[in-house]
Structures are given as C-alpha cells and as structure tokens.
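Residue numbers (UniProt numbering), protein chains in the order written: chain A, 1 to 400; chain B, 1 to 400; chain C, 1 to 400; chain D, 1 to 400.
Careful: at least some of the hints might be erroneous.
Stated by the list, open to error - Keeping only pairs whose Cα atoms sit at most 20 Å apart, straight-line, the calculated EDC-like set for lysine to aspartate or glutamate is: (1) D:330 with D:111; (2) C:330 with B:311; (3) B:330 with B:187; (4) A:330 with A:145; (5) B:330 with C:295; (6) A:330 with A:111; (7) C:330 with C:397; (8) D:330 with A:311; (9) B:330 with B:397.
What the hints assert, rightly or not - Residues from chain A that keep clear of chain B, each with C-beta distances beyond 12 Å, as calculated: (10) 53; (11) 118; (12) 178; (13) 384; (14) 385.
Unchecked claim - Distance ranges between label pairs, derived from CB positions: (15) B:26 with C:396: 23 to 29 Å; (16) A:141 with C:396: 47 to 53 Å; (17) D:292 with C:4: 28 to 34 Å; (18) D:26 with C:233: 30 to 36 Å; (19) C:10 with B:289: 53 to 59 Å; (20) B:59 with A:28: 47 to 53 Å; (21) B:25 with C:10: 43 to 49 Å; (22) A:141 with B:50: 34 to 40 Å; (23) C:15 with D:30: 51 to 57 Å; (24) D:41 with C:4: 56 to 62 Å; (25) C:327 with B:37: 47 to 53 Å.
Because the hints were derived from the structure by calculation, they are not lab data. Quantities reported herein were computed from a predicted structural model and do not represent experimental measurements. Each residue gets a CB set at the ideal place from its N, CA and C atoms; glycine is no exception.
There are 4 protein chains.
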Amino acid sequence: MDFAADVRTTELRERSRAFVDEHAIPAEPILDRQLAQAPQAWGPPPIVDELRALARAQGLWNLFLPGERGAGLTNLQYAPIAEITGWSLRLAPVAFNCSAPDTGNMEVLNDFGTPEQRERWLEPLLDARIRSAFCMTEPDVASSDATNIATRIRRDGDHYVIDGRKWWSTGAMNPDAAIFIVMGKTDPDAARHRQQSMILVPRDTPGVEVVRPLTVFGYDDRDHGGHAEVAFTGVRVPAANLIAGEGDGFAIAQARLGPGRIHHCMRAIGVGERALSLVRERANARVAFGRSLAEQGVIREWVAESRIQLEALRLLVLKTAWLMDTVGNKRATTEIAAIKIAVPRAVQQIVDRAIQVFGGAGVSADTPLAGLYAAIRSLRLADGPDEVHLNSLGRAELRL
Amino acid sequence: MDFAADVRTTELRERSRAFVDEHAIPAEPILDRQLAQAPQAWGPPPIVDELRALARAQGLWNLFLPGERGAGLTNLQYAPIAEITGWSLRLAPVAFNCSAPDTGNMEVLNDFGTPEQRERWLEPLLDARIRSAFCMTEPDVASSDATNIATRIRRDGDHYVIDGRKWWSTGAMNPDAAIFIVMGKTDPDAARHRQQSMILVPRDTPGVEVVRPLTVFGYDDRDHGGHAEVAFTGVRVPAANLIAGEGDGFAIAQARLGPGRIHHCMRAIGVGERALSLVRERANARVAFGRSLAEQGVIREWVAESRIQLEALRLLVLKTAWLMDTVGNKRATTEIAAIKIAVPRAVQQIVDRAIQVFGGAGVSADTPLAGLYAAIRSLRLADGPDEVHLNSLGRAELRL
Amino acid sequence: MDFAADVRTTELRERSRAFVDEHAIPAEPILDRQLAQAPQAWGPPPIVDELRALARAQGLWNLFLPGERGAGLTNLQYAPIAEITGWSLRLAPVAFNCSAPDTGNMEVLNDFGTPEQRERWLEPLLDARIRSAFCMTEPDVASSDATNIATRIRRDGDHYVIDGRKWWSTGAMNPDAAIFIVMGKTDPDAARHRQQSMILVPRDTPGVEVVRPLTVFGYDDRDHGGHAEVAFTGVRVPAANLIAGEGDGFAIAQARLGPGRIHHCMRAIGVGERALSLVRERANARVAFGRSLAEQGVIREWVAESRIQLEALRLLVLKTAWLMDTVGNKRATTEIAAIKIAVPRAVQQIVDRAIQVFGGAGVSADTPLAGLYAAIRSLRLADGPDEVHLNSLGRAELRL
Amino acid sequence: MDFAADVRTTELRERSRAFVDEHAIPAEPILDRQLAQAPQAWGPPPIVDELRALARAQGLWNLFLPGERGAGLTNLQYAPIAEITGWSLRLAPVAFNCSAPDTGNMEVLNDFGTPEQRERWLEPLLDARIRSAFCMTEPDVASSDATNIATRIRRDGDHYVIDGRKWWSTGAMNPDAAIFIVMGKTDPDAARHRQQSMILVPRDTPGVEVVRPLTVFGYDDRDHGGHAEVAFTGVRVPAANLIAGEGDGFAIAQARLGPGRIHHCMRAIGVGERALSLVRERANARVAFGRSLAEQGVIREWVAESRIQLEALRLLVLKTAWLMDTVGNKRATTEIAAIKIAVPRAVQQIVDRAIQVFGGAGVSADTPLAGLYAAIRSLRLADGPDEVHLNSLGRAELRL
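Whenever a hint applies, use it, and build me the whole structure from the sequences.
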C-alpha cells in the first residue's frame, strides 16, 4: 500500500494547480462581467475560449479521456487533476475540455461508438468545436428507476423514430450543443435492463424542441449552456445513429456513470477545498466581539470537521478510482455508490458552513459560495437521489 | 395552562386560511408570469395590488400592529395568522400589509415616532401607499456586534448629516420605498449601547444612492423590492427626523426585534407546513421501484421528523409571544434567542428534505421549494448568525 | 392560550422541588453506599423507605393517579411534578410512590380492575406495601408488533393457564414484587387487536420462574428491582384474575401507554435539567488551556442547544397532556408518538454532552450521568423502538 | 498510489482473521462464564492464557512492536491486524499480547528505556509474564492540558520522590500489573512542554496505593484489570527509574500517542465491522410488521451509512500510518488528530445503531454491543476529549 502519487500525476497536478491559480480563479470576475453584458446569451462568454486556448497550449486538454484519443491517464491519475479543476468550477473544467456532460458523452462515443460516429461527433467534441447534451432524465417519472423511462425509440425501416420528453439536459440551451445522446426504450417488453437504448440525435433534427431553461436555486447556469427541457416529437434519425445495439442503453449508462462519479466527486472535493480556503481568509480578517473569527472555538470546529471530511473522502474516491482501474467498475459497486452519496453531502455541508462564516456575502454573488452550494446540492439528485443509492448499498451489505 | 386559541384568533385564523387557500396560493403562478413579463421592474406586479384590495376588504389588514392604529391583536393572537401567511410567503404577507421590513418600520414609528413622523410616514405605510426600508447591516463589519457600526450621523445645526454604507436593505430597490430608517452612530464615545441612533431618511434626499441589487442564491427577489446596497454620502436631513433621542438606536433596534422574530418564526413554520403539504401530495403520487414514495420508510421518517419539529417549535414561538405579552421582551430573552436559532434551522431542514423528495423539480422553479430554501437560509444570517445567539444563550445559561 | 400553571400545580411543584433538593438528591450517595453494603439484595435499600415516609407525610404521594383513589390531578397538572422527580431519577419517583412500572399497573387496576382485584392488589400498591411487574415484552419476537406475542393464556374451566417467556420485566427481581400483570394471547385467530388479554399472576404461583436479571449497559438496577427474564410454564390462575374481558389486552395496553409516556417524558426532561445543572457547575469550575469551560464557545453552544431542546419539548409534552385531558388519548395520537420519539432522544444527547464535559468522571460512577444515559437510552427501545413510532407517525401524516 | 496490501500483511491478516473467527469470538461466552465464577478477581480468567498460548504458537505475538524486539512490522503493516483484533475486543488484542496500555508502555521502554530498564520490565512484558499501567490522567485537573499536571516528581539524592493522584490507570486493579509508568512534573518552572517527566514505579513500592476501581457506564472491565484510581504518597524510587531525561515526559507521551492512535482506531474499526456483522444477521432473521428488518428502508440506510463511514475512515487511518512510517509523526499531526476525533465517534454511532436494531438485547449482556459502546464512548475522552483535538486541528488549518 502506497499513498504517494506517481510522477506523471504529480507533474500534471502541479501544472493544473498553477493554471487554476494564475488563470482560472482570476478570470471568475471577468466571466461574471461578460455574462452581465450579454444577458440573453446561452453559452460560454469569450473568456472561456481564451482559457481553453491557453490550457490546450499547455497540454492540459482532454485529460479525462483514457486511451490513445485522450491523455491516456488512468482514473487514479486523472482524479487529482479533477479535484484541482473543482477550485474554479465554472472555468477550469471547461477550459481543460473536461466538463460534464461532454466528458461522459465523449466516453460513450469513444467506448461504444462506430468509427463513423466517432469521426462525426467525437472528433469535434475533442476539439471543442461543438458541445453536446445527454438526454436521460424525464419530468414525469422517477428516472432513477430505469424501467420508468417513457421515451420511445421505435425502429421504422432504416430509421428510428423518437418520442418523449426529457429535462435537466445540461448544456442544451447552448446553440453550440450540436448533438444529443438520447436514452429511450426500444423494447418495453424485454428484460428489465435490456429495454433501453441510446441514440444520437443531432440538435437540428426536425421534431427536436428545446422547450425552456430550468433554474437551480435561481441560477440559470447560462455560462455552460443551462439545463433544458427538451421535447422529441416524431424525431427521425438514421438507424446508424444507434449507439451499440438495441437493449444496450442501460449498460452504456452504467459504464458512463463510473468515471463520471469519480470526476464529479473529485471536483466536489476541490469545491470543498476552495470553500475552506475562503473561510481561512475570512476567519482571519473578520473581527466580531473583540476577536477574529479564527480565534473562536465554533469556527475552529467547523474548519476541523471540514478538513476531516475532505481527507477521508478524498481517499475513498481515490481508492474507488484505483478499483475501477484494477478490477473494473462492477467490483467497485459499493465504493462507487458510497462516494456518490457521501462526497456531495459532505461538500454541501462544508460550503454551507462557509456561507455561515461569510454571512450576507455568503448567500450573495459577492462570493462564489451560494452558486457552489446550488451546484453541489443538485449533485445529490442527479443520477438518482442519495436515498436510492443508500438503499442499494444497504441491501447489498445485508445479504448474508 | 390552556392550549386552546381564543375566539378572535380562531376566527381570524379561519378567514386567513381561506384567503391564503383561495386567493394567495392560486395567484403564485400569476405572480411569476407577471414578473417574467416585466424583467426590469423592481416592485410588486399588479396581482399584489389586487390581493391587497381583497384582503383589506375582508379586514385582513395590518393585523400585525397592536394598539389602536392596528388591529389591536396581542403577539400571541397575531402569531397563528403570521403562520398562515407563511404558506404563501411571497404573496400573503404583502397582501395583508404584514410584510417585512415594513412591519418593523411601522412598529418603530408607532412606538417611538413623533406625531409628525407618524403622520408623514406611518399613515401612508398603513395604507400601503408607500413602502420603506431598514438600513442597518453594513458590508464591511460584523454587524451583529452593534459597536461595529461605522455609519456616522453627525449633528450640524438643525440637521443631521449621514455618511456610511449599508447593504441588505430589503425592499430598497423598489422605487416606492419612499422612506429609509437608518441606523448610525451619533456618539462613538458613549457607552457601548448608547452610541447608536436611528433616523428617517427620505429616499429622494441628495446623497442617497441605491448602488446595486444583491441576490440570495440566484434570486433577486424583485417582487418585494429586492435587497440593496445603499450609500449615504453627506446626506442631510432635518433634526426632527431623528427617531426618539440620540443614543436610543440600540434600544429601538432591540424593541423592533422582538415582534419581528415572532413574525419571522411563525411565517417560517408556515413555510414548513407548506413544504410538508407538498411532500404529502408528491409522496402519494410518485412511484419508484414499484411503490409510492409514501410507502417508503425513509420518506415516512422525514415526514415524521418534520411534523415533530413543527409541533414543538410552534409551541415555543407561541410561548415566547405570550411571554412578550405578559412579562415583556426583556424577560423573554432566552426564548426570543431560542426561536431565532431553532426555527429557521428546522424549517431549512424540512424544506431541504422536501427538495430531496421532489428531485429535479425541487431545485427548479417548478415548485416554490428552492426559493423558500433561499429565503429561510437567509434568516439564519439576518439579525446576526445563529452562532452569535447560541453564544449569548449559552453564556446566560452558564451563569451560576 | 395561556402558558401559566394553575395554583395547585404551582404549589405542588414548589413542594416537590423542595423535597427533591433537600432530601432526594442529598440521599443519592447514601443509596449508593447502602447498595454497596448489600451486594446481593434486589430491592430498595433502607433510605428509600425513609424518603417514602417523609414524602407521604408531606402529601407528596400517589400524585400520578387521577380520580378519588389518587391525588386527583389531571395529566397536565401532574406533568410538572413528574419533571421534578426526574432530577433524582433513582429516588424521587419511588419516594413519591410514582415510579414505573407500578404507576402503570395501578392505573390498569384503577381503570379496568374489578372491586376484588382492586382491593387485593391496588390497595397495597397505593400503600407501597407491595411492588408489581408488567410482563409484556418477549425475547423471541419483535414485541412492538403486538400480533407477534407468543405467550398463550388458555381457558381451562374456572382457570386460565399461562405459558410463555417474558423479559424486561422491570422490578421483578425484587421479591416484594408480589403481582405480575401478564400480556398474552387468548385467541390467536381473533382480529389483530382482539387476540390479546391481560391477566394477574401472583408471583408465588407455581410455574412462575424468575429466570435471571438483565443488565443495561452494565447496570443491574438492583435498587428498583432490576429487569428480569420470567418464564411461565403451565401457570394456573383463577379466571377472575383476567383484567376486563378476553381480547381487551391491546386496548388496556394502549390506555396504559398514554399517561406512561407523559410520565417518562417529563421525568426525562427533569433528567436533562439535572444534567444541564451539573454542566453549569462543572463548566464554571473547570479550567483548561487558561480559561474556564464556561468561557469556551463550543461548551456554550452545547448548553444553548440543550436549553432550546428542553424548552421546546417540555411544551410539546405539556400540550400532549392537555390534549389527553381535554379530547382524549385517541385524538392525541400524533403528539403521544412525537414525544415518545423526540424527548428521550434529545435528553440522551443532552446527557451525552454532559458526559463529554465531565470527561472520565462522566462515564464513571462519580457523577450520575452514565447511569442516566443508560436509563434514557433504554427509553428509546421500551414500548417499541423509535423507528416504529416514526413510521406510524409518518404514515398518518402522509395520508392525503 | 496503490491500495493493495503487501504479501506479509495479507498473510498475517488471513491468519489473524482465522484466529479471531475460530478461537477468539467463540471464547467470548467462556470469558463471561469464567468472570461470573470469580466475581472478585481482577485480571484475566484462564481462557485468556489459553488463547495467548495458542496465538503465540501461531506467531501472532507482539505484532504491534516494530524493530527487532517485536515482529518488525511498520505501522501500515500492523494496522489491518489491529482491525481484525477489534472484532473480539476483549480477547483478541490480549491474546496477541497487543492490548493497551501494555503496548504503549512496551513502546516507551523499547524506544526510550535504558538496557537495564528494558531487561527488567520490557522482557517480561513481551513475554506476558507481567502487566503494566500508565498513570497519566489526574482526577482534579483537565489533563488534556499537560501543563495542568499536578503530580510532582522531586529529585532527592539518588532517588526521585513522587507525590500525586492519578485515575483511569487502566489495568492497575490487576495484581499482575507489576510496573507503573507515571507522568509528573520535575520542573514546574520550565518551558511549557519541558516540565514533565516519566518514571517507572514498581507496584509494590511503599506509598503506592491502588485506591479504588472506576466503572465505565456500569462495567468494571475486570477481565483486563479495570481502571484504577492510584495515590502516590512520598513514593521513593531510584533515579535510574527515570525514563530518558528530566523534561522529556511530554515528548515521550507524544511519541507514545502516535502508534497508540493507529491501534485504537483500527481496533475501533474492527468493532464497527463486528457490530455491522451482527446487524446483518439480526436484520435477516428478525421479522416485524410482516417483513424482515433487512427489507426495511431505514435499516438499510443505517447499514449503508455505517459501511460508508468504515470505508472512508479505514483509509484515513491507513494513510496516517503510512505517513508515520514515511515522514514521521510530526508531519502527520493533522491526520493523527483527525482519526482520533473521527473514528471513535463514527464507530460509536455504528454501535448505537446496532443496539437500536437489537432492541432490548442490544443494551443487555446478551450481545457484546452495550459493552462495546461503553468502550468506544470512552475513547472520545481518553487522551483528551474530541473538542481539544478539534480545536487544535482547526487552529492549525486556519493559519494563513
């Protein structure tokens, strides 16, 4: 057992750290100004392109993608980089071309796409020439139960016809999101986890309607394309747009989830570290009742508790990444569920404590905290609420 | 000891209940539509005036104000009405002319104002012809410690001159907020709690600048005038604008706080009840993994815990109101601190659980929950963070 | 609504307070010494009889029992007295002849007993000439589900024959516990809640075997008769020993529970107050790192949180008592469940915090805290674990 | 980074696992019976010697001790073995000669003892021919603040004279505890952490009085020598009994603490695993309201939460061990504090949930749970309460 990172990870971590400190965090107020200047725009303001160019030039590009098309890092090697990007959640992941949902979509195309699908969609995504969306969750059903999915994908000759309604399609408000990966049922009578398929739907296909944006605690998240409700009405695409085979949808979704959870959790830990660093500054600078906040026992306890949570959970995520790399996602089920539950919840608490330390500034836009809170809070719902995962984990644990 | 409400309370409670169910809650989507149609407006859309006219016609008007100028209710009698208005937090309090910060400002004018001040400002406020703001909190200092206040109010002949910067002046973005009550120091060398004074500053006085709106999480709260940062630069008002005497500011603030906490806490309990009623509907309607949410043990526990919290805390607020009515605010210090800490925290948790039950809909604008969360979360910071009150309460309790 | 206690309650509360402060608490070390001197004895040492005589002479006797055979107090009137007895949990309730399980057993005899049963068993219990036990819980089944009860009560001519095994029969190790009230099934085929009956079994009936004592976190609770496992093998008692009719057992148990929960909860609140008073002394006396514990923020928060919990929950218990007095136990179901869940849990936390403040002394016998912890912890299991009650409460709340 | 254990660790872990499953756990009821048969004995019953002989024969002996006198394992290698011994907390550590306080005392002698001290005391301890005690905590002061220590060690010619009072001297009730390591002040005027020294005091030295046993909740812990209050009155020992030099006491205590925390924490994790395994059995076997406990959502959540806590915290302890092995205790300060706080607290909660699942059996002696609860609860007080460590950790974290 060895807790030291390898040379490549260490080197990339240092360069990422420098990029985030020197470029991403200082650019956050610029992002806000550019957003304010274009109140109707859905999509990244100019600063994002600048940062992308800079990151790409430094080789900090597509680090999330294993294999030859990406940087070739293992999950364990990429994880610490993802953490560092969490320090500037709105800018660093997108600058590195490592932001959701594009990462997951690129993985799907990389792992399950045909050469034609890869050429048509993966290449421009890897180049950040286009963006993508993932259309999974539905407004009318509890989508954490995949058998509930109501969207239909029907074969019709050389085509598939898609009908259904999705929401929380992150990024889809951005007109550059040129390709949607849609989950639907091809065979409602098949076995429970063979009913679903995934299919590629270009945004401009007739019958695709981006209905409206959704907000998260008042935020529209315009800078990364918002979250859309999307209706699919008689949408017809070539049969070649199906990803893998009919009935493979559930398995692809599961495969997509594993690395996604590592990414989300490590970024969340970075968010927690950022919050803690803000608390550190504030607590030393702010005086109340004759003493700095840093001298007050309750604040010290909060900081200590936050530190403990971050140290323990980071290790759990790293071990999960290591298991995925060494024995595969299936044998890491317990750990994948564990981090999905535990990390966002802990970071939510850490950010909430930070808000409390900042008072009014904490809930306003004068600190990044309230926005981070909203982002992290949503993670506890995305891909199934905590309770679904707790239940699965508990059931697995209780088998004699 | 008797836990039954008196006849007048019961009667008003029933009528308020009917108003909220029949008029306020159904008007919430109208409010949202009208806000969307006037994206630059700061102040209540037309539906608010309609509801106000209706409520006033039904005698549901100024119920918060004791004595002959108001409805003459005790704190204990008004408390259950305040709870009911919490069921439609954005519409019912304002419809009843019982919304903060106007209520507190009217109380200050009622209790401490001169006849001229009352005629000039209290009358139009009671008539809802104007709105007001309360300028207390400052961006640069921990305002929960009143000795930190940096705004100066200097006597200059027949005038006072005010210099300072305030924020979280709720309602001040609304151009109808014609009068600001400003807290500042008249004598920084006086005893700790005799340094501060309060003064009336008409909005249109030269030197008053409403600098910018603040957001709470991503909400601007335009419908009730937002939350402003306000700069006062050499603002000159007649000496007669001082409320009570020099040095009375802290005492007035304390007097204002008592009823305000009853109002806030009871409305918060109403918010909790609303959240719970939404959970009830959702849990019965939503099916996951073959059973309705209402049949799942974890959801039942959440609902039970929420019910317990609401029942216990409602009684504590009512007892606090009763103490204020019978022995006065000073002897209710422990209870006033206790409800300030415990109620918003519990309701925050109740609303958060409700969000979890609703999933994506919970964080979006499709339910009122995320907005209520932001509002309740802020209560834990307004008038001093929880920790300041816990510390005072603990210190008082530890004296041998 | 009125939160002031009536004259009789106030007067009894003051006298009880004086008794507990002057006699019961000072006698606690005497109790420990007398127990140490008689290491094999199961039953109250001499100090208990002395205190009983004193309390009885002062009219502080059988206050729990409503109606003419008792003190005639309502639940609401007795509740504050029960709280005060909780300050000296091992001595005050027993000194007042108000300790479980005798109180519940006397209530059962008072409300459901025949004149002969009352004369034979209630009179000596009211006089404290004998003690009793309540044989309900069984080792082999989840007894919170009454349909699980396996003990059989079979009619055989003029007798009933009882077979079964009970445990947690509190007090039964004391040879003075002359009468056992036993719950069993007379008709396993009847409707769910008409299968059970209760019957009086004198301790010396052949076939009754007090098998062994049970411990609670290492404590044997010898001073109040311990907790026994009791086997009933072919135990034959006259048919006249049945309490009320066949099938009435469940209803009697429910009737017994209501006041019992008020008593347990109010005593538990008294325990919480005692713990808090010990913390107050300790925190002022103890110095660590240059300051008294009372000056340390974390300790202050604990004390404040404890105070808030006690204030809110006391009101909830009192309201429950008032509901029982005015509209009956059935319409107080929600509240009875709520206090059963919330009070022991909160007091457990309060006592645990007190232990933490006392350090090593807290877990040892040098303070009463560890013993109180064990007693309160057990309340969360007695009469069904919290989770059963949370589930019922949640289900009731979720009905549309 | 690599989460796989090395070959030696894996091999020892498997053998330890087999020993605990086949010998230690099955011997627990034997231990209880032997204790019941010798109600006055302070010290291990015969079964302990049997298990020791067996373990020693299998090479499972002194595994805790690094270097040539012990098994030569690193902290990281020993940690998983310590976890396994936690599965049978009362028997496995002592069987392996790896139980506190002897382990810490042996480390002190190993690292700081003279050859004479080692020969005289370390050898028989390594052979389990004698036992030892560590006399650090004092009843009258907050001992977590080392400057509070009141025991004096005064030089008098060739001797030191010791005066003071200690308590929580674990093991000291056992007459076989032949040697006490006593912490006291040699120079109260020296720098804060140079005032203290440690000295070896043979039990039979005149002036040493083992005053009384202390209980933990209701447990006397007789099987491992209980917890004693010990008075030292004019106790005279040769100057050669001083360990290292005058003023080295604090440093030795710190050095002793590091490995001790790894041991305690890993055993605690083993306790948590044992509790969870008991829950697994119970939850599958027990039926309430028509379903096994394992099918009930709340129980599943508890189990899942317990699993998450154990996985995350185990990794944190292992990383701490690795840091101690690679960069030393000083640079692992944050982690050592973190595990000291987080592990016992989490395991306390896990054991408490298990008690709740078991109901009455959980608080009684019919399961090991209540005893384990008491043991783990005490860890949160031993070597300083959680709050002291949280405060240090928070302070360190807040330095800019």
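Structure-based check of all given hints:
Proximity of residue 330 of chain D to residue 111 of chain D is assessed by CA-CA distance (about 16 Å); at most 20 Å being required, the pair is judged to hold. This hinted pair checks out: residue 330 of chain C and residue 311 of chain B have alpha carbons roughly 17 Å apart, not beyond 20 Å. Taking the CA atoms of residue 330 of chain B and residue 187 of chain B, the gap is near 25 Å; set against the 20 Å cutoff, the hint is violated. Proposed proximity of residue 330 of chain A and residue 145 of chain A is supported: the alpha carbons are some 19 Å apart, at most 20 Å.
Taking the CA atoms of residue 330 of chain B and residue 295 of chain C, the gap is about 23 Å. The hint is violated against a cut of 20 Å. A distance of roughly 16 Å separates the Cα atoms of residue 330 of chain A and residue 111 of chain A; the hinted pair therefore holds under the 20 Å criterion. As the CA atoms of residue 330 of chain C and residue 397 of chain C are separated by approximately 15 Å, the hinted pair is consistent with the 20 Å bound. A C-alpha spacing of about 17 Å is found between residue 330 of chain D and residue 311 of chain A, which places the hinted pair at or below 20 Å, so the restraint holds.
Of the pairs offered as hints, the one joining residue 330 of chain B and residue 397 of chain B holds, with about 15 Å between alpha carbons and a cut-off of 20 Å not exceeded. The beta carbon of residue 53 of chain A sits about 29 Å from the closest Cβ of chain B, which is more than 12 Å, so the claim that it is off the interface holds. With a least CB separation of 31 Å from chain B, residue 118 of chain A remains clear of the 12 Å interface cut-off, as annotated. Non-interface status of residue 178 of chain A relative to chain B is upheld: no Cβ of that chain comes within 12 Å, the nearest being about 24 Å off.
At the 12 Å boundary, the C-beta of residue 384 of chain A falls inside the reach of chain B, the nearest C-beta of that chain being 9 Å off. Against chain B, the non-interface label of residue 385 of chain A is violated: not every CB pair exceeds 12 Å, the least being about 6 Å. Evaluation of the 23 to 29 Å hint for residue 26 of chain B and residue 396 of chain C yields a pass: the beta carbon distance comes to about 28 Å. A beta carbon spacing of about 28 Å between residue 141 of chain A and residue 396 of chain C contradicts the range 47 to 53 Å that was offered as a hint.
Between residue 292 of chain D and residue 4 of chain C the C-beta distance comes to about 51 Å, which lies outside the given range of 28 to 34 Å. The hint said 30 to 36 Å for the Cβ distance between residue 26 of chain D and residue 233 of chain C, and at roughly 31 Å that hint holds. At about 55 Å, the CB distance of residue 10 of chain C to residue 289 of chain B agrees with the hint of 53 to 59 Å. At roughly 52 Å, the beta carbons of residue 59 of chain B and residue 28 of chain A sit within the given window of 47 to 53 Å.
Our hint of 43 to 49 Å for residue 25 of chain B and residue 10 of chain C holds, since their Cβ atoms are close to 44 Å apart. Between residue 141 of chain A and residue 50 of chain B the beta carbon distance is about 37 Å. The supplied range of 34 to 40 Å therefore holds. Taking 51 to 57 Å as the suggested C-beta distance range, the pair residue 15 of chain C and residue 30 of chain D conforms, at roughly 54 Å. Checked against the hint of 56 to 62 Å, the C-beta distance between residue 41 of chain D and residue 4 of chain C comes to roughly 59 Å, which is consistent with it.
Hint check: residue 327 of chain C to residue 37 of chain B, Cβ distance near 50 Å, so the stated range 47 to 53 Å holds.
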